[in-house]
Structures are given as structure tokens and as C-alpha cells.
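Please work from the sequences and hints to get the whole structure.
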Amino acid sequence: MISRHTFLLLTLITGLNGCEGGSFRFDQGRAFHYLEKQCDFGPRNPGSAGYYDCRDWLKTELEQTADTVFFQPFTQSDPRNGDVYALSNILAVYGREKPPGILLAAHWDTRPWADEDPDPFYQEEPILGANDGASGVAVLLEMAQHLQAMDLPFQVLVVLLDGEDLGQPGLPQSYAKGSEFLAQNPPLPLPEEGIVLDMVGDKQLTLFIERNSYRQNPELVNDLWGLAREMKLPAFRDRVALTIYDDHIPLFRYGGVRAVDLIDFDYPDQATNYWHTHWDTPEQCSPASLGQVGRLLENFLVRRGRKD
Numbered sequence: 105m106i107s108r109h110t111f112l113l114l115t116l117i118t119g120l121n122g123c124e125g126g127s128f129r130f131d132q133g134r135a136f137h138y139l140e141k142q143c144d145f146g147p148r149n150p151g152s153a154g155y156y157d158c159r160d161w162l163k164t165e166l167e168q169t170a171d172t173v174f175f176q177p178f179t180q181s182d183p184r185n186g187d188v189y190a191l192s193n194i195l196a197v198y199g200r201e202k203p204p205g206i207l208l209a210a211h212w213d214t215r216p217w218a219d220e221d222p223d224p225f226y227q228e229e230p231i232l233g234a235n236d237g238a239s240g241v242a243v244l245l246e247m248a249q250h251l252q253a254m255d256l257p258f259q260v261l262v263v264l265l266d267g268e269d270l271g272q273p274g275l276p277q278s279y280a281k282g283s284e285f286l287a288q289n290p291p292l293p294l295p296e297e298g299i300v301l302d303m304v305g306d307k308q309l310t311l312f313i314e315r316n317s318y319r320q321n322p323e324l325v326n327d328l329w330g331l332a333r334e335m336k337l338p339a340f341r342d343r344v345a346l347t348i349y350d351d352h353i354p355l356f357r358y359g360g361v362r363a364v365d366l367i368d369f370d371y372p373d374q375a376t377n378y379w380h381t382h383w384d385t386p387e388q389c390s391p392a393s394l395g396q397v398g399r400l401l402e403n404f405l406v407r408r409g410r411k412d
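Residue numbers (the numbering used here): 105 to 412.
Worth flagging that the hints you see were computed from the coordinates, not collected in a lab.
A few of these clues could be false.
So the derived label-pair ranges between C-beta atoms look like this [as the list claims (entries may be wrong)]:
| no. | residue 1 | residue 2 | range |
| --- | --- | --- | --- |
| 1 | 345 | 229 | 44 to 52 Å |
| 2 | 182 | 223 | 16 to 24 Å |
| 3 | 342 | 411 | 16 to 24 Å |
| 4 | 187 | 357 | 23 to 31 Å |
| 5 | 187 | 252 | 34 to 42 Å |
| 6 | 157 | 227 | 18 to 26 Å |
Fair warning: this is a prediction, and the values are worked out from it, not measured in the lab.
C-beta atoms are modelled at their ideal positions from N, C-alpha and C, and glycine is treated no differently.
Next up, the structure:
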């Protein structure tokens, strides 16, 4: 027969394994449902029916948990034909009356062309973007279910960024236009630090330290990868191994947000590429991968909240 003291001890240990000091726990199955739901809208490239339907659904989902949710509209030109699209960042504020704490971001738009697809016949078709578009958003939507319950001493700004993938190959600064616009036109005070999620759903998830992230905020990198090591999360590899131009660059360059990028660019591995192809589907993604990233963020926020 288990004693009362033993039961309390086991309960405490279980709670700490789930999330430090709280009953909330990141649900990787629900996160994967959010990934699939976005893909159910079809490609979410600017101007498409899937784009508008998903945009409105994302706002509605965030309104169920956030203090404030709003669109930040801007425009971006198609580099191939000059067409101008009306785009929207989606901002959700948690802890509206608290001081700015951290920005959590992911891009929600998808690539209008499968320019890396091995079949030239399909290269002009928009991609589904399960990993490159839906995965980071899925993690943040699941995180949003718990942010109010965490009762953090600082504000969390969740941003779903638009216009990340409407760029031209070989011209890095033609990408990540939503984060550039946000940083140059902040509708509210931006936090000093941020975490960007991109391509975090890969079944073979491997998250090395991105070089620009370490340059921008080595302390935050050390905190995140150190916590991942402590939590024994196998996806996180404790070494610098890639350099990427992603949304974290404009956030820092134009807005002073010292952001770190969590990205696995070898999708699924170094020998095969699903990035910007029609192979980027939910079948190539994993709830467990979303779970590793989500649990890390959840525990990181709780630990950061104890320090403040």
C-alpha cells in the first residue's frame, strides 16, 4: 500500500517532469492537430483562399486565450511578377498590464511555389507547408492554451508572422518581411528578447545552435540548450552548426529584439530535401518533435518567471 507521503512525493516528481511547478502541460497531440488543421485549409500562400481562411481561424483561436489579438496589415510585392499582396501579422498579448517579457514568433504563410521540388512540372504550384509554415504556429497555438495559467510576472507577445516565404532565392533580405515590418513599425513596445520557431515538426528533428542566434543573444541560447540538456531532449544538439537568415534577423536588426531561432533546416536530413517541395506534408512531421519544442518553451518560461 502506498503511503500518503510517498504519493505526494510521486505527484511532485511527476509535476516537475511535466513542467516546473505547474499543473499545465504541453499537449503534443493537440499541437499536431493544430498543424493538421492549418494544412486542411490547403496552401496558405498570399492571396489564396486558404490564406484568408487560415488567417481568420488563427485570430479566432488566439482570441480564446489572449488578452488582446489584432492584425498588423502591410503589403509585399511578389519578386517574380511585381504583384502586390495585402498581408497580416497576427499579434496576441498575454499579460497586457505586465512589463514586456519575451516575444514568441513563427511564420504562418507558406511558399507560393515549390521551387525546390525535384519534378519541374510541379515547381510553379504552392506548397502545403506542414513543417515550413504550420509547425511553429502549431507549437505556439498549444502554448497559448497555458500562458494565462502560468501567471508569469511579465508579458508574453505571441506573433504569427506573415510574408516570411515570399522571397527570391539568393536574396536573403527579400524574405522575412513580416518581422521586418513589425520591427520597424511596432504597434506596442517590443520585448528585448525573442524566440522564433521555424521548421520544428520534422520526424527526425535535429536542432543545432544557429550562428546568428548565438551572436545576437548567447545568454538565451545557453539558457535554452542548457535546459534542453537538463530535460534530456534528444533533438537539441549543443553546438553551432548552421547560419540562417530568418525572422530573428530583422527583429534584431530593426527592432533591437535579441531573438534566437529554433530551426531544423535539414528536412528530413542532409541527403534528402522536403523544404519548398510538395513533400512538405503532415506525414513527414511528428507530434513528438512538436512536443520537445513545446515542453522546452513551457519550462523555460516558468523558470524565467521565477527569476523575475
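Here is what the structure says about each hint:
Distance hint check for residue 345 and residue 229: the Cβ-Cβ separation is about 32 Å, which falls outside the suggested range of 44 to 52 Å. Checking the proposed 16 to 24 Å range against residue 182 and residue 223 shows it holds: the Cβ atoms sit about 23 Å from each other. The given range of 16 to 24 Å is respected by residue 342 and residue 411, whose C-beta atoms sit roughly 22 Å from each other. The hinted range of 23 to 31 Å is satisfied by residue 187 and residue 357, whose Cβ atoms lie roughly 26 Å apart.
For residue 187 and residue 252, the hinted distance range of 34 to 42 Å is satisfied, since their beta carbons lie about 40 Å from each other. For the hinted restraint 18 to 26 Å between residue 157 and residue 227, the CB-CB distance of approximately 25 Å keeps it satisfied.
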